[in-house]
Amino acid sequence: MSLAPLLAAPLNIQLHTLAAASSVLLLVAITLMQKGTAVHLRIGWAWVLCMLVVCVSSFGIVRSGGYSWIHILSVVSLVSLAIGILQRRRGNINSHKAFMIGAASGLLGAGAFTILPGRIMHAVLLG
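Those letters in the sequence shown? Residues 1 to 127, per our numbering, in order.
Be a bit skeptical, because a hint or two may be false.
Per label pair, the in silico range of CB-to-CB distance [as the list claims (entries may be wrong)]:
no., residue 1, residue 2, range
1, ARG119, GLY91, 25 to 31 Å
2, VAL75, LEU11, 33 to 39 Å
3, ARG90, GLY127, 46 to 52 Å
4, GLY65, LEU126, 21 to 27 Å
5, TRP45, PRO117, 34 to 40 Å
6, GLY91, PRO5, 41 to 47 Å
7, GLY118, LEU86, 37 to 43 Å
8, LEU3, HIS40, 16 to 22 Å
9, ALA38, GLY65, 44 to 50 Å
10, ASN12, LEU116, 17 to 23 Å
11, LEU32, ALA82, 40 to 46 Å
12, PRO117, ALA38, 40 to 46 Å
13, MET33, ASN94, 16 to 22 Å
14, GLY118, LEU18, 18 to 24 Å
I should point out that these hints are in silico values taken from the structure, not numbers from a laboratory. For every residue, glycine included, the Cβ atom is placed at its ideal position computed from N, Cα and C.
Turn these sequences into a full structure, and let the hints guide you.
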């Protein structure tokens, strides 16, 4: 494992990776904690902020040939985050939970594809 490929990458990719890694760590914390508490709210907002950075920064990461189907996950995640927040504000907790799980699934799904050969995280993790 070597961070050299990531450190040599453009700043946007470094920011995207940092936000994605932070999102995963915050997601673990949210999953393990009691829901509905002030801490859940604070960590949840931090997760939403990190997810926004992940999704928006993904549109600056374009391989030859333009955008890929993975960018669809960014759009779906952005929509899921917005609807999830709206549902929470309306008091629809089950719907809030479902949309936040949808956004998290987009994060984890896209993340799984970053370890494919030819990608920076493949080089970082599998050298």
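Hints violated by the structure (numbers, ascending): Violated hints (numbers, rising): 1, 2, 8 and 11; every other hint is consistent with the structure.
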